[in-house]
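Trainee: Respectively, the protein sequence lines represent chains A and B.
First residue of the first sequence: 1, per the numbering used here; consecutive thereafter.
First residue of the second sequence: 1, per the numbering used here; consecutive thereafter.
Keep in mind the hints are simulated off the structure, nothing from the lab.
There's no promise every hint is true.
When chains are identical, the list treats them as one kind, so a pair holds in a single copy or across two.
List time: in silico DSBU-like cross-link candidates among lysine-lysine, alpha-carbon distance up to 35 angstroms [stated by the list, open to error]:
1) K231 - K120
2) K138 - K220
3) K112 - K215
4) K79 - K57
5) K200 - K220
6) K120 - K215
7) K145 - K29
8) K200 - K27
9) K215 - K242
10) K220 - K120
11) K37 - K200
12) K120 - K37
13) K114 - K57
14) K38 - K157
15) K27 - K120
16) K114 - K242
17) K220 - K157
18) K145 - K220
19) K120 - K29
20) K114 - K157
21) K27 - K37
22) K220 - K79
23) K112 - K220
24) K231 - K220
25) K114 - K145
26) K145 - K38
In this text, all values refer to a predicted model and were calculated from it rather than measured experimentally.
There are 2 protein chains.
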Amino acid sequence: MISVVILGSGNVAHHLTRVFLHNENVKVKQLYARSIKKIQLFESSVSITDNVALLSKADVYILAISDDAIAEVSSFLPKEAFVVHTSGSVSMDTLQNGGSKGVFYPLQSFSKDKEVDFNKVPVCVEAEEEHHLQLLEKLANIITKKVFRINSMQRSKLHVAAVFVNNFVNHMYTIGNDICNTFEVPFEVLHPLIEETAAKIQHINPKEAQTGPAKRNDQKTIQRHLNDLDKQQQEIYNLITKSIQHG
Amino acid sequence: MISVVILGSGNVAHHLTRVFLHNENVKVKQLYARSIKKIQLFESSVSITDNVALLSKADVYILAISDDAIAEVSSFLPKEAFVVHTSGSVSMDTLQNGGSKGVFYPLQSFSKDKEVDFNKVPVCVEAEEEHHLQLLEKLANIITKKVFRINSMQRSKLHVAAVFVNNFVNHMYTIGNDICNTFEVPFEVLHPLIEETAAKIQHINPKEAQTGPAKRNDQKTIQRHLNDLDKQQQEIYNLITKSIQHG
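Work out the full structure: start from the sequences and follow the hints.
Mentor: Shown next as structure tokens:
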């Protein structure tokens, strides 16, 4: 049985609390948030507080708070505590607690109103000490089969890569949607293509999966496409086309 | 029972032939290809030819050939024939047959070595005459539940949108993969995020789904990310970030 205190009231804190509360191998000893209102929905299942001076003892303190608050809040935590944060973009050394440090980073895009199937969520773990790393692996294995040892340098690169495959991909969807709206075509016609595009690269390298007018240097089609786009869309079309061809 | 002649030997011709051959409501009367070798694998199940003068009669002639060849090959077809092409980017009027014209466009990314589940493939249909449009709808409904009436103007816009949500999205995956390779992080850590990003917009508008440093104008993170990228990646990062912020 691993005991945890979870600090934070955002999406990650919310989903970790839910999954840990429903698992008999983890004991959620306490939740902390600066604004207690935001964690009151858990009041009936677990002790809650908005006072860092009143934190319970636990094997792991999980800081699931905004990147900018990690240094400050960690400095208030008990000296002997093993503290981890859950951020993809913050180095382990940013933690300012007196005791041992680590990272427990679930790499997924969370929304509060959507149930998360943690089985499929990779968790990246890091710790200063090997026994803590093993503790985090054990904790991660309780909720998912995908556990990776990833150090701070690797994690920061993973975060950049995630911007491309998540944020920027989603923006490509937005532009596709905008084009459909402009010309009154239902965007849902493209849903299966979107799904298939994502599914394909789970099996083959994305470079090998590349198709389209840019890839085959089909200038006639490229020119016709450019005529249908607004100025910003054209800029993006040109730049990505160039990158596909020379990348 | 709808009878068809399929012309072509590429991915679309291949998969349409397979799905129609396995369906009792369609009779594939003949396959045609300029190079007969490429359709010899179907020889035992259906009549094949490389001579347009020897085409069988059929309710629909399906031209699943390269965009540039559609005008020429269609001009050789029997005068009374109802001819459709399968292209996303070619107008119906490009067909040069003497008879009636139409389009039967399965909107999916096909690879020859990967089985296609046509149930999930949207088919966009268009025809000059209402009774032919109904025939195409009937034919499409045999293989999929997703049938859309889409005219040539709409289809050409859909094709531009598809470049963004398929080709350009795949290139974002490639860049993500390149970043992972450069810093020796397993790309598979990102697979679930990629799947979730695609799944999310099947339910909510992509604009609402947008997250990340660009969206929240997190300049500190943006600068750190730029430091990790090569020149071409930086250009793309900057342009898409700008587009997310002002789009």
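Trainee: Compare the structure with each hint and give your call.
Mentor: Going through the hints against the structure:
1. K231 - K120: For K231 and K120, only the inter-copy Cα distance (34 angstroms) is at most 35 angstroms; the intra-copy one is 39 angstroms.
2. K138 - K220: Answer is between: at 33 angstroms across copies they meet the 35 angstroms cutoff, but 56 angstroms inside does not.
3. K112 - K215: between (39 angstroms within a copy, 18 angstroms between copies)
4. K79 - K57: within (11 angstroms within a copy, 85 angstroms between copies)
5. K200 - K220: both (27 angstroms within a copy, 34 angstroms between copies)
6. K120 - K215: Classified as both: same-chain Cα gap 32 angstroms, cross-chain 26 angstroms, threshold 35 angstroms.
7. K145 - K29: Intra 24 angstroms, inter 51 angstroms, cutoff 35 angstroms: intra-copy only.
8. K200 - K27: between (39 angstroms within a copy, 31 angstroms between copies)
9. K215 - K242: Both. Shortest intra-copy (9 angstroms) and inter-copy (25 angstroms) distances satisfy the 35 angstroms Cα cut-off.
10. K220 - K120: Between copies, since 30 angstroms is at most 35 angstroms while 42 angstroms is not.
11. K37 - K200: between (43 angstroms within a copy, 28 angstroms between copies)
12. K120 - K37: For K120 and K37, the Cα distance is within 35 angstroms only inside one copy (30 angstroms; across copies 44 angstroms).
13. K114 - K57: Within one copy only: 31 angstroms inside, 54 angstroms across.
14. K38 - K157: For K38 and K157, only the intra-copy Cα distance (32 angstroms) is at most 35 angstroms; the inter-copy one is 45 angstroms.
15. K27 - K120: Within one copy, since 22 angstroms is at most 35 angstroms while 43 angstroms is not.
16. K114 - K242: between (37 angstroms within a copy, 28 angstroms between copies)
17. K220 - K157: between (37 angstroms within a copy, 15 angstroms between copies)
18. K145 - K220: between (48 angstroms within a copy, 33 angstroms between copies)
19. K120 - K29: within (26 angstroms within a copy, 46 angstroms between copies)
20. K114 - K157: Both: 27 angstroms inside a chain and 32 angstroms across chains, each within 35 angstroms.
21. K27 - K37: within (22 angstroms within a copy, 66 angstroms between copies)
22. K220 - K79: between (67 angstroms within a copy, 29 angstroms between copies)
23. K112 - K220: So K112 and K220 pass the 35 angstroms test across copies only (25 angstroms; inside, 45 angstroms).
24. K231 - K220: both (19 angstroms within a copy, 28 angstroms between copies)
25. K114 - K145: Both, since 21 angstroms and 27 angstroms are each at most 35 angstroms.
26. K145 - K38: within (30 angstroms within a copy, 44 angstroms between copies)
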